[in-house]
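Chains as they are written, first to last, in my numbering: chain A, 1 to 233; chain B, 1 to 85; chain C, 1 to 728.
Hints in this document: simulated from the structure, not taken from any laboratory.
Bear in mind that the values here come from a model prediction, so they are computed numbers and not experimental data.
Do not take every clue at face value.
[What the hints assert, rightly or not] DSS-like, lysine-lysine: derived pairs with alpha carbons at most 30 Å apart:
no. : chain 1 : residue 1 : chain 2 : residue 2
1   : C       : 437       : A       : 31
2   : C       : 437       : C       : 47
3   : C       : 250       : C       : 285
4   : A       : 112       : B       : 42
5   : A       : 112       : C       : 250
Here is how the chains run, residue by residue.
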Amino acid sequence: MNNDLSVGIVIFPGSNCDNDTIAAIFALGAKPVVLDYRLRSLPVLDRVILPGGFSYGDYLRSGALAAAAPIMDAVEKAAANGLPVLGICNGFQILCERGLLPGALLPNPSGKFICQWQTVRVANESPLFTGLHQGRILRLPIAHHEGSYRTAQGQLADLFDRGQVFLQYSDPEGQSHGLTNPNGSVANIAGVQNRNVVGLMPHPERAMATYLGSRDGADLLASWLGMGENAVC
Amino acid sequence: MTQFRLTFLVGLKAGILDPAGQATRNVLQHMEYQVDDVRIGKWIQVIVSAKTKDQALAIGQEMGERILSNPVMEYFEVTVQAYEQ
Amino acid sequence: MLTHQDVGLSASEDQEIVQLLGRRPNELELGLFGALWSEHCSYKSSKNLLAQLPHQGQFVVQGPGGNAGVVQLSADWDIAFKIESHNHPSFVEPLQGAATGVGGILRDIVAMGARPIAIADILKFGVNEQAPALLHGVVEGIGAYGNAIGIPNVTGSLGFSAVYDANPLVNVLAVGMRRHGLQVGADGARPGSVLILIGQGTGRDGIHGASLLASRDFGAETEEMRPTVQVGDPFMGKLLMEATLAVVGKGFADAVQDLGAAGLTSSTAELAYASSVGLIVDVSKVICREQNMSPYEIMLSETQERMLLSVPKQNLASVLEVLAWYELPYAEIGRVVAGDFLRIEAGDQVLAELPTSVLVGSCPRLPVMHDVRIWDAGQPSVLEKIGLQSRWGYQVLGHPDCRNRSSVYQRYDSMIGTRTVWGPEHDVAVMHIGNGKPGLCIAVAAPARWAAYDSYAGGIGAVVAALSLVAAQGAVPLGLTDGINAGNPAKFEPYRKMADLIRGIGKAAEIFEVPVTGGNVSLHNETEGQAIWPTAAIGVVARHPNPEHPIADAPPDAGVRILALNPPANPDLGGSVLAEILGRSDRYPVLDLRAIQHSLRFLVEIIPQAETVGLLGCRAVGIGGLFFAVAKSLMTKTPMALGANLVLAGDADARFVFNEMAGQWVLFVDPEFQSFWDHVSETHGVSVVDIGWVTGSPEVVITAGRSLTWPLIDLWRAYRKGGVRDVR
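Only chain A is shown next, with the shape it has when bound in the complex (with noise of 0.2 Å):
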């Protein structure tokens, strides 16, 4: 427990997954603090957490018209100055559209809003998941309509030179092919990070309990508030 860490979560008009958020990172032991959009500078923090939804409707493009919001200037500045930000689902979408994180998620290719229990594996071990280990397979809930993460010409091999692959889709194995592929991302990409930014596709923050269908998300948040190892029993 670390009833310390104080964890700020960005509610945007639209946001719908703030209080499971909120709800997992106090079941976690750490503080939530919830922060308006309208703010234009954060409070003393320990982190920052973008949680999923359909911020603005999904209008435009998915968190295209959040990544405007007043609070992204103060999030992009304590991101500079090394606060750990996470984007979830929603939250990835707007620090891709905003230019922390590379890359964009498109719509899937099937058209169609994709709700399911999917396998991801830990690609690259990461500084900011402490205990979480390379070849960990999480089971976490997606739902989203524009997650197929692709990025630009000649982006990729650099993403994964640099270890900067996060998470990939999947099987239950850890194989990772196209079988496995919800939502034709490239490589299989469920989340990337950028030093002390991180997005992911999946929702940790719906797999919190047995009776949910999964712990793992328990895990993955406990990691990244640096309670990995304990957390994890």
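On the provided structure of chain A, position chains B and C as indicated by the hints.
Frame of chain A; chains B and C shown alone:
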């Protein structure tokens, strides 16, 4: 047969609520642009082969009515140009 | 001069209005009557029939009449729930029609002060060429709205028949939770309060009833200007929901009413009538999205995402603060006064003034046309012995009414809110509420074919089917909601079928002592004189004993015994999928409601202590019969490694495994507890038959005289096969 480029603009009919346009307008206003209204539609390009420009346009009209727009709530405009690869 | 025909009223209704008012209404007033005395708002054809349904029960907090029914789940939580239809709009424009249907029913729940936590969709489509595109559009629309506003879609029902070719059905159940003791509704408005209209700017959306008048105003050349399609805006819906819940949660409003059919007209009139107050509304204050809207258009507009609040003056500043926080457009459009009238003004000009007791309370109801149930002409039931054939197993699982639904429900977010313990991959939904106990069990049933040839039997069957589903979780039913879909009530046959359907629902609800706390009636579902099957969509909410550990709907291991609870003594294929495959149109059988009642009570009693009697799993038998129930239990296991060996009594045949007589279950039982189950008939008064055991080889084997084998992988293929084209 010659190739022609048909360009369609498809938009919501006047009076039909455009939630995406409305939300985009509000954000632009927050960003302090002097914006009064935004409406969002689609741009579609179709390359067709036809004998004449008029025939190409007629084909375009038909496509617009039959499939490219939803006549219940959308209007469309189509323009035609000669197409060279 | 506008006449009564222009607004859809009959001559006798027109006379009634003149008599009750003591004068002729002006044009605007006539328009208000046209809206409120329409079938849609007044339920004039069905109200006397619906009055036959039982509405009282020990858990009922709010019965019919409000925006939604409310039942008590626990000491802390009440559940608001209701089914609503959006059939015709979804046929005209599937995506937006379905989306606005979801938005509308969610606002009903919010208007009761409850936070929506789940939706379920009950859909019926045709089998013609147009059907797949309609299904696609409707699913897209339900998903677009529900996913974006962030309410999980947790269960549903999907069926197909040619009778729905030109009349698809889109019914949506919404469920919300609110703190027990919170009183919110349309009935609390007090004189002195201010009326605030919040949400979307009013446009000329969906002014159907006003079409004639509108064309007089516009002229034919501006036809393009007049949209009849309402567009849903889940983003605005989300802000409206949060703002409304914040206002009512803090007790700032004394009454809340959402704007649905007939827009401002019905919401103001119904709020005034329910609260026994007068309202003065100034239409010039309403925020309009379009230029030059007439008072008539403003009053009749069906623009979505709007809510009417009645706010005591001392709370006004607090409410405006909430609205500003959510950046929600709002306008003070009027005030509450003592009296019994609705007065419409534009600035200092009075445009209309009508007593709400007449406007809302005096719409003449159609008398119940006949009280005696008449048997429909179907073929006599298939009572003769009918030998089992292996192809029927594949045909039934591959039938559109049975097939795997994952391609539909994966387009819905079923997990948001982190309450979904069991979602759409199961037959019922199990939700985690508050601290965990009790939970909520939600089921829907709409077995339309059962009502095709005998709507009374079908109405009973639909209720039994819904109750059987929640009973399979040991959950205690708290209340029912019914979506009635039928043809033109002015014609004898459709009316009679609807009447019998409602009577059937009432009969079952009464016997099982589960109240109907609200619902919806959709009429005129017919095209070129061809009416749909009278279709009941039944939703049930139930108190789940142990949501963190729902009893399984599949066997854990090989060796487990398979029992049938309450199998029919005279199995009858009437109304079943197999009967349709065989080209028969038999009446749905008469169910033994007393035996079913014993079984329902038994399950509610035994499942919370299932471990003590070796009960390992339970699944209700419904469409597709016992065969489908067993096969589905095996196919849900990953990997599919288990099978079933069913050994039926010498005289059992296809009727035993394919009949769809609701109120029977498949039980999976630990063989060590065999003696309890051998004697359960004597100890608990229920009928239980040992029909076989679970094997370690993935196939279904049935021995009834001779043996037939269905490899599970082949059944799975039939179950997964897509498309709706090969329906008869």
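Each hint tested on the structure:
1. Among the hinted pairs, residue 437(C) with residue 31(A) is consistent with the structure: their alpha-carbon atoms are about 26 Å apart, no more than 30 Å.
2. With a C-alpha separation of about 37 Å, the suggested pairing of residue 437(C) with residue 47(C) is violated against the 30 Å cut-off.
3. Distance hint between residue 250(C) and residue 285(C) is fulfilled; the C-alpha atoms sit about 26 Å from each other, no more than 30 Å.
4. A C-alpha spacing of about 19 Å is found between residue 112(A) and residue 42(B), which places the hinted pair at or below 30 Å, so the restraint holds.
5. Restraint check for residue 112(A) and residue 250(C): the C-alpha separation of about 39 Å exceeds 30 Å, so the hint is violated.
Consistency note: the structure conflicts with the earlier hints numbered 2 and 5.
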